[in-house]
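Asker: Listed below, chain by chain, are the residues.
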Amino acid sequence: MNAATTYNEAVRACFAEPAYAGDLQGSFDQTLTADVSESEGGAQVALAAGIQAGSIAEMAYRAWGCPHLIAALELACETLVNQPVQSLENFDSADITQNLAVPTEKTGRILLVEDALATLWAQVAGADT
Amino acid sequence: MSITPVYLDHAATTPIDPRVAEAMQVCLSPGGAFANPASIHIAGRESAALVENSRQHLARLLSTDPKNLIWTSGATESDNLAIMGAANFRAHRGKHLITMPTEHKAVTDTFAHLEKSGFEVTWLKPASDGLLAVDELESQIREDTQLVSVMHVNNETGVMQDIREIGEICRSRDVLFHTDAAQSVGKLPLDMSELPIDLLSLTAHKFHGPQGIGALYIADRPGCRVLPIMHGGGQERRLRPGSLPVHQIVGAGAAAEIAQDEMAEDLVHARALRDRLWQGISDVPGILRNGNADHSYPGILNVSVAGVEGESLMLGLEPVCAASGSACNSSSGESSYVLRALGRDDLLAQSAIRFSFGRTTTQQNVDVAIERYRWSVDHLRAIAPRNRQLT
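Which chain is which? The protein sequence lines are H and E, in order. Under our numbering, the first sequence has 56 at position 56, and the numbering climbs by one with no breaks. Under our numbering, the second sequence has 293 at position 293, and the numbering climbs by one with no breaks.
Be aware that a few hints might be false.
[To be verified] To spell it out: a stretch of chain H is covered by chain E in this simulated footprint if at least three of its residues, at any positions, have a beta carbon under 8 Å from a beta carbon of chain E; those stretches are:
#1 16–22
#2 47–59
#3 64–77
Hints were generated in silico from the structure; no laboratory data involved. Glycine residues also receive a C-beta, built at the ideal position from the N, C-alpha and C atoms.
Given only the sequences and the hints, what does the whole structure look like? Please build it.
Answerer: Right under this line is the structure:
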């Protein structure tokens, strides 16, 4: 087994029972959506956030990619729910990368999560201006 | 907590049969036959007798004379020795060689090496079901063609080529025919006394023998010779130098003997398991069977599925141990070059899972694989972006 396909317990748990996978369930002041992909046919992330009273009330994602990507989305959603909407700005995935022991060759996949979050924040920032 | 693996990766390697392990104890136990079989003293002669006894077992399995078998470290070395050795031996007659891009890397990389060394290689693509069009092969043979190499059973798809017909064409054109039979020796009947095969590679660990020991069959007929690719002692008719690993050879011989006795039963068992697995997953939407189902070794089932990412599919399969593409190549992260050569697109090739069965596989193992495969596909489809879901 090579490093790229070695998964720690955190990855396995997120993969087996993803709590945030799917679609938003509630109705919100503002709904943010992002759809980013690595390349045509490559890993893809569809991320959504429901904003209520300046807070991230709910997050949901859909993903096509490796277990590390799915787990990274889980942890990002878990971290951001119930946080101020400004938390979307400049989200740093370093902690997630460390917690999931993401191998170097897969860091590009994790950057997809940052890209998706930046896309969500751009919608907030665009609405403010 | 450790999880008991459900091992369905026998095309990668098989567990050593307990009877083989027991046979190897004659060398591995204290006071066992450890001596170098090239030594002429009593202990050496004891080892040499074991080596020759094993050669006889393997020869009986292949219906050939023991002197036609050269011990090697495995199929990769046998492939290298056969291809480079034969090409170099006949280079003065011509430098054109023929093979397929769907061969094992041990073959394709060796031909690629020869290409860089001044040989010309024709790469014959199979049809989308993996089968080689034999008339196409015949049309590509030229005056300067010296060697054709086509594997018997494909290690990824299980597709079986018609090695008799290919061999007959090669004989009629005075071209040597090599086949990589790593996936078929010990599993399918191979009678070298009547098959028109000049060079055949095999390895013991694919038929419940130990890893690290294989053999090359070299037909005893005019013009069929190889030049050594390694140099050293004069072992193995001066074709493969190096002290022989007696314990592994004893294991290979025992495995060959058992395979010969139990081959018919093993085949029935493998076919029943493969059919059970296919029956259990064939209704999964978007599933595709890779390779010609009517011309394949029953111990391998290779399937792709649309709309599912391959690496996640593999994790969802656990504790089932199967292969994503070729096990020897699976750490590369690239989609299977064999399946791409059959026309599968990158995504389908990447989603391919090869299940392979052996003597120790049970119906319960297969039922776990069915349950895990279905769960994994459903799970990943449920979380896939809408545009990636099957319509």
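Asker: With reference to the structure, classify each hint as holding or not holding.
Answerer: Quick rundown of the hints versus the structure:
no.	hint	verdict
1	16–22	holds (count 3)
2	47–59	violated (count 0)
3	64–77	holds (count 5)
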